[in-house]
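Line by line, the protein sequences give chains F and U. Going by full-length UniProt numbering, the residue at position 42 of the first sequence is 42; the numbering climbs one at a time, nothing skipped. Going by full-length UniProt numbering, the residue at position 207 of the second sequence is 207; the numbering climbs one at a time, nothing skipped.
Hints may contain errors.
Note that identical chains are pooled: a pair holds if it fits in a single copy or bridges any two copies.
The calculated lysine to any residue pairs, modelled on SDA-like cross-linking and capped at a C-alpha distance of 25 Å, are [claimed, not checked]: (1) Lys44 with Glu115; (2) Lys184 with Ile202; (3) Lys228 with Ala177; (4) Lys67 with Ser54.
Think of the hints as simulated: they come from the structure by calculation, not from any bench.
2 protein chains.
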Amino acid sequence: MLRSCTAALRTLRALRGRREGASPAARDPVLVRRWFSTEKVIPKDYALPNPSWSKDLRLLFDQFMKKCEDGSWERLPSYKSKYTQKSEDFKTYFLDSKLVKEQLSQAQLFTRGYEDGLGFEYVIFYNDDEKRTVCLFQGGPYLQGVPGFLHGGAIATMIDATVGMCAAIPGGIVMTANLNINFKRPIPLCSVVVINSQLDKIEGRKFFLSCTVRSVDEKILYSEATGKELPLSIL
Amino acid sequence: MLRSCTAALRTLRALRGRREGASPAARDPVLVRRWFSTEKVIPKDYALPNPSWSKDLRLLFDQFMKKCEDGSWERLPSYKSKYTQKSEDFKTYFLDSKLVKEQLSQAQLFTRGYEDGLGFEYVIFYNDDEKRTVCLFQGGPYLQGVPGFLHGGAIATMIDATVGMCAAIPGGIVMTANLNINFKRPIPLCSVVVINSQLDKIEGRKFFLSCTVRSVDEKILYSEATGKELPLSIL
Chain F
1 MLRSCTAALR TLRALRGRRE GASPAARDPV LVRRWFSTEK VIPKDYALPN
51 PSWSKDLRLL FDQFMKKCED GSWERLPSYK SKYTQKSEDF KTYFLDSKLV
101 KEQLSQAQLF TRGYEDGLGF EYVIFYNDDE KRTVCLFQGG PYLQGVPGFL
151 HGGAIATMID ATVGMCAAIP GGIVMTANLN INFKRPIPLC SVVVINSQLD
201 KIEGRKFFLS CTVRSVDEKI LYSEATGKEL PLSIL
Chain U
1 MLRSCTAALR TLRALRGRRE GASPAARDPV LVRRWFSTEK VIPKDYALPN
51 PSWSKDLRLL FDQFMKKCED GSWERLPSYK SKYTQKSEDF KTYFLDSKLV
101 KEQLSQAQLF TRGYEDGLGF EYVIFYNDDE KRTVCLFQGG PYLQGVPGFL
151 HGGAIATMID ATVGMCAAIP GGIVMTANLN INFKRPIPLC SVVVINSQLD
201 KIEGRKFFLS CTVRSVDEKI LYSEATGKEL PLSIL
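Here chain F stands alone, though its shape is the one from the complex (with noise of 0.2 Å):
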């Protein structure tokens, strides 16, 4: 729902770094962080092949990887995006927040809190010619519906991550006001699929955005939806 993120912000942030021409230290703020700060550990970045990964999405991430060697293409890193990582950025949410200490310290983003290849292995590219994310998904056994298939909801949930991404890199930091998705047939867990999305208009602040959910091969078409993403203006 909300794209405003402390990983979404540092992807964004490391994006314009690079297209501004910035240095190698300031384009990168994990690693400004780790130079400006106490904290010494450098966040991993979940959006790289790991054992888990099926052929089916290792072969399609490495022909995006191509895709990306002309800069047509961006491969979006993620995180974790742990509450314990004192983002600065959500002070005024924090600040007017009831909730306990403890739990806020166990606070991980829902998409990376699975141990490798039990939850959603994903990665998102970004093209910035065509205003497109492409997400590659591979939703492990802790995702199921019914018995063999993935849950609606981790669907839900992959999808409004990809549609976000595609509102948030030109939009800036933007809420998901509205998803509506067709379910068109269930998704075998386990199995890879390619969620593409495309922002179709910007009406003021209302940016309209359009979701497939389709087989590796296209000839399957899982899910489709459309999407409204708002700035948050109270950040």
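For this one, chain F is given, so just place chain U on it according to the hints.
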């Protein structure tokens, strides 16, 4: 998305058994399974309080359990629905599937895959006369989107579960064909919300439902949604 998991079937059968005045053994499929199979473990019902439940959630739970006393409301049990429970109901799916056995052996219901308190803590109640489900939901720290708030996908997941169950009890095994969600305000992590779903109309084989997500005091409308559910004819 698909409401046809083992857990849902077990719930439906348990409810039908009660209504038809079956014997204690016949109306408890878990007990029957234990008597007539080599399987010795009784699946745990997760739709019951555990130490992670907040005061708000426990209070609401107690209020609804009180409503259950006159039979107008019923608490729906909820299980992990592991593949290893060998549900015969979905044999057709498994025969067509090319999934790796090792992965399937780890499969579990998306909404019950977390340790107590970390993910989806919820219980669904059903009112047959009003054709209505109410889900009491506490979203744990592993469901984070923007720091301090629930991920939109986690909200979509619980809306899907609540709407789907509202159609599944009168309609049998159903699949969510459409889910249209308006996200109005972000939901604080670890807070409790009440998801209210209503069966609005039935047209032929289609079930049309509406849904709201509100704060415990009902003052804040976090999200509203509509859903369309279809019977799963292939089973």
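Status of each hint after checking the structure:
Taking the closest pair of Cα atoms, Lys44 and Glu115 come within 25 Å of each other both inside a single copy (13 Å) and across two copies (23 Å). Taking the shortest Cα distances, Lys184 and Ile202 sit within 25 Å of each other only across copies (20 Å), while inside one copy they are farther apart (27 Å). Taking CA atoms no more than 25 Å apart as the test, Lys228 paired with Ala177 passes in both settings, with 6 Å inside one copy and 20 Å between copies. For the homomeric pair Lys67 and Ser54, the shortest alpha-carbon distance inside one copy (20 Å) is at most 25 Å, but the shortest distance between copies (49 Å) is not.
Every hint, counting from the list given before, is met by this structure.
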